[in-house]
Amino acid sequence: MVSPGTAAAIKRVLEATEADGLLAIEGIRKEFPGVLALDNVQLRIRPGTVHALMGENGAGKSTLMKIIAGIYQPDAGEIRLRGIPTVLKSPLDALEQGIAMIHQELQLMNWMTVAENIWIRREPKNSFGLIDHSKMVTMTEELFARLNIVLDPRAQVSELTVAQKQMVEIARAVSYESSVLIMDEPTSALTDREVEHLFSIIRDLRERGIGIVYITHKMNELFEIADEFTVFRDGKYVGTHSSKDVTRDDIIRMMVGREITDMFPKIDCPIGDVVLEVKNLNIPGVFYDISFSLRRGEILGLAGLVGSKRSNVAEALFGVTPAASGEILVNGKPVTIDSPSAAMSHGFAFLTEDRKETGCFLILNCLENIQSALITRSHVNAGFVDQSTVTKLAEEMAAKLRVKTPNLYETVENLSGGNQQKLLIARWLLTKPRILILDEPTRGIDVGAKSEIHRLITALAAEGVAVLMISSELPEVLGMSDRIVVMHEGHVSGVLDRAEANQVKIMDLAAR
Amino acid sequence: MNTSTQSIPQLTRSRRRLPSELTILLVLVGISLTFEILGWILQGQSFLANTQRLAIMILQVSVIGIIAIGVTQVIISDGIDLSSGSIVGATAMISMSLAQASSFPRALYPGLTDLPVVIPVVAGLLVGIVCGAINGFLIAYSRIPPFIATLGMMVTARGFAKWYTKGQPISFPTDSFAAIGKGLAPVLIFLAVAAVMHIVLRYTRYGKFTYAIGANRQAARVSGINVERHTVKVYAVAGLLSALAGIVVASRGLTAQAGMGTSYELDAIAMAVIGGVSLSGGRGSIPGTMIGMVIFGVIISGFTFLRLDAYYQEMLKGVIIVAAVVADVYRQRKRVKS
Chain A
1 MVSPGTAAAI KRVLEATEAD GLLAIEGIRK EFPGVLALDN VQLRIRPGTV HALMGENGAG
61 KSTLMKIIAG IYQPDAGEIR LRGIPTVLKS PLDALEQGIA MIHQELQLMN WMTVAENIWI
121 RREPKNSFGL IDHSKMVTMT EELFARLNIV LDPRAQVSEL TVAQKQMVEI ARAVSYESSV
181 LIMDEPTSAL TDREVEHLFS IIRDLRERGI GIVYITHKMN ELFEIADEFT VFRDGKYVGT
241 HSSKDVTRDD IIRMMVGREI TDMFPKIDCP IGDVVLEVKN LNIPGVFYDI SFSLRRGEIL
301 GLAGLVGSKR SNVAEALFGV TPAASGEILV NGKPVTIDSP SAAMSHGFAF LTEDRKETGC
361 FLILNCLENI QSALITRSHV NAGFVDQSTV TKLAEEMAAK LRVKTPNLYE TVENLSGGNQ
421 QKLLIARWLL TKPRILILDE PTRGIDVGAK SEIHRLITAL AAEGVAVLMI SSELPEVLGM
481 SDRIVVMHEG HVSGVLDRAE ANQVKIMDLA AR
Chain E
1 MNTSTQSIPQ LTRSRRRLPS ELTILLVLVG ISLTFEILGW ILQGQSFLAN TQRLAIMILQ
61 VSVIGIIAIG VTQVIISDGI DLSSGSIVGA TAMISMSLAQ ASSFPRALYP GLTDLPVVIP
121 VVAGLLVGIV CGAINGFLIA YSRIPPFIAT LGMMVTARGF AKWYTKGQPI SFPTDSFAAI
181 GKGLAPVLIF LAVAAVMHIV LRYTRYGKFT YAIGANRQAA RVSGINVERH TVKVYAVAGL
241 LSALAGIVVA SRGLTAQAGM GTSYELDAIA MAVIGGVSLS GGRGSIPGTM IGMVIFGVII
301 SGFTFLRLDA YYQEMLKGVI IVAAVVADVY RQRKRVKS
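Sequences listed follow chains A and E, in order.
For the first sequence, the working numbering assigns the number 1 to the initial residue and increments by one for each residue that follows.
For the second sequence, the working numbering assigns the number 1 to the initial residue and increments by one for each residue that follows.
What the hints contain is simulated information worked out from the structure, not anything from laboratory work.
A virtual CB, placed ideally from N, CA and C, is assigned to each residue, including glycine.
Take these hints with a grain of salt, some might be off.
Unchecked claim - To be clear about the criterion: a stretch of chain E counts as covered by chain A if any three or more of its residues have a C-beta under 8 Å from a C-beta of chain A, and this derived list gives those stretches: (1) 201-208; (2) 218-229.
Claimed, not checked - Derived contacts from chain A toward chain E, CB cut-off under 7 Å, selection only: (3) T321; (4) A324; (5) P340; (6) M344; (7) T352; (8) E357; (9) L367; (10) G383; (11) F384; (12) V390; (13) L393.
Kindly produce the complete structure, drawing on both the sequences and the hints.
This is how it looks when you write it as structure tokens:
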């Protein structure tokens, strides 16, 4: 017989465990020098659910995930795993307690096989104490069979696609018998078919009772895969809801704390003469016979799935990787573009897809970032930069684009993604381009900055700049473009007018 | 309004950072005071209040300092130059062979004695520019790592210096050639070079491009910077300054030997790194390198002053270089975390 007190206590614990679900986060606080990243936040993950974590950049999602994965230690608060308070000392510790994280940048050893990557540190040994490779392969095959993954365990990871690597990471997480799986924007580099496969695996994991934390920017994914979602804003917990109960607008309102009325403020502006004409542009093995034209004041959308080689066309136009054959005509005259500098002399500007890799000088200040393109062409006398004029121009442009920074001498890595993107746009606007190529201009930036950039693009078109805009977000392409060129595996598969274009037609041309 | 982006200005305003040069200067002061105190305890005399010792110290580091100025801009552009010491050897030999006085009966080129001083100087500098440009071409266009390209030049230039006279030293320069490295001239040459390079790095397009390439090579390329051409220039300038150091060394010693300048490249890199020039590129300055150079000099001079064995000095030099790089890596890591 247990005493009534003990029984009550056990009951309380059981109830608490029931309420907690798999993983409960309570009152977590994390401070970095000068910034409060998380302030008294909470999160509850129930077993067998997909829980989306949403919020603008800087809302604290990644910080919390790093705490759950044992990368950061919280300053205050409690983490309970199945109702039991836990300290996650390191990523390995978290993994052993059943929490696995699939990082945005996949973390696999490229020069080892799939099986070696999964079983590292836990390799099966034969009677000599050496690694038993055939057993390891069998174990991997069994694991893959459970997850419906079709992949050769002996393949070298460096030869896999991003989607396949992700499968390996997921399999590795499952092999640890993880009960909580954190996925940080897992679909950002996947094609639609790969996303479908990933989702079927996620649903399968959910069936097995695993709790999945799913960080995403994409609203449609939330409705497609998530059961519940939690919104963070500025390091604070905003709320948790079932994804069946809300609309897209509700979520946006929760994320930004305000209404975004005109997401795509396209103004119709007069469209002038043809500025850029591209005829049969080729890079064998990459893209073939690309032809299109672009007019003054026009926004031409370039849509297509990942792997459709849209960015490669942009890079060829700007001379980053010059085309092997074909013609580029600017204002009717054929031009040779064999370097970015040549492209700039014909009035091109190119906002690249990857802000960190090919855009910003992260360790330099705002001024150096803004002026880098301008001073390759002008404002230099006898080698000396006319700094006072350039600084003035840069300040004006930064103010016009509403870049938020205390001054232009601030290091760029301290700025948010949206402000970094604005700086890069400022860089190109200073060169007074006639043809502006934008590759994913709003990728990875928060909703507020996004609509500001949309407004800016429209304003530029109204001033007569010809804009070529690549975007993976169909609503953005549809909302912003006058015409849309759709690409499929290196070929132009169709051109749609604003009036006739819709998501279905684009996807039809893009997916074939 | 979007408060997440608004919070950033506040964050950075409250975090007033000291310029990194100031931190390094404090390190210098600390080291100097340590030697001062040890001096009074162990030797019963002052370390700092001795102008002669300080003059010798500055002279000792000035020649390598000239190289360090060139190496600084190479490292800022995210490169490395291991060939400087060998270029010193090669230019010393070539310029001295064209600077011999006719009063010396066994001149290398008996028909080419008593030439005006510009000829050996220009010839020497040209050798340096060519060696540096070859480094730059290899790195920019064949895409081999700077470490390998300049290592190749290091071995080749040293081999050339030895082959030039089959290992024999060359001596007896004209008075005008000997004047180049006399007295405090090397210090003045160093200061002039440092001043010019400081202005170049801060106020010219050349400098902006150098930092941009070191900070993000791809972004520099997309900004319209001809990264390849600029890389060639940066290494050619480094070669030029190594050659200048070679001429000064030969002039000062009144003789040229194939082994001159051995391991100068490492000392020069150490000065730059101690002075806060980041081995991952994009960061550093000439004032920083100058302070790094003085730290280097103070340590060597301080050890001599304390009558420590020369072998200890060498061992310690290795420790200092590694410590400076560790400090750099630590700074980077702290930056990434916050």
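Structure-based check of each hint:
no., hint, verdict
1, 201-208, "holds (count 5)"
2, 218-229, "holds (count 9)"
3, T321, "11 Å, violated"
4, A324, "19 Å, violated"
5, P340, "5 Å, holds"
6, M344, "5 Å, holds"
7, T352, "6 Å, holds"
8, E357, "6 Å, holds"
9, L367, "10 Å, violated"
10, G383, "5 Å, holds"
11, F384, "5 Å, holds"
12, V390, "10 Å, violated"
13, L393, "15 Å, violated"
Hints 3, 4, 9, 12 and 13, counting from the list given before, are not met by this structure.
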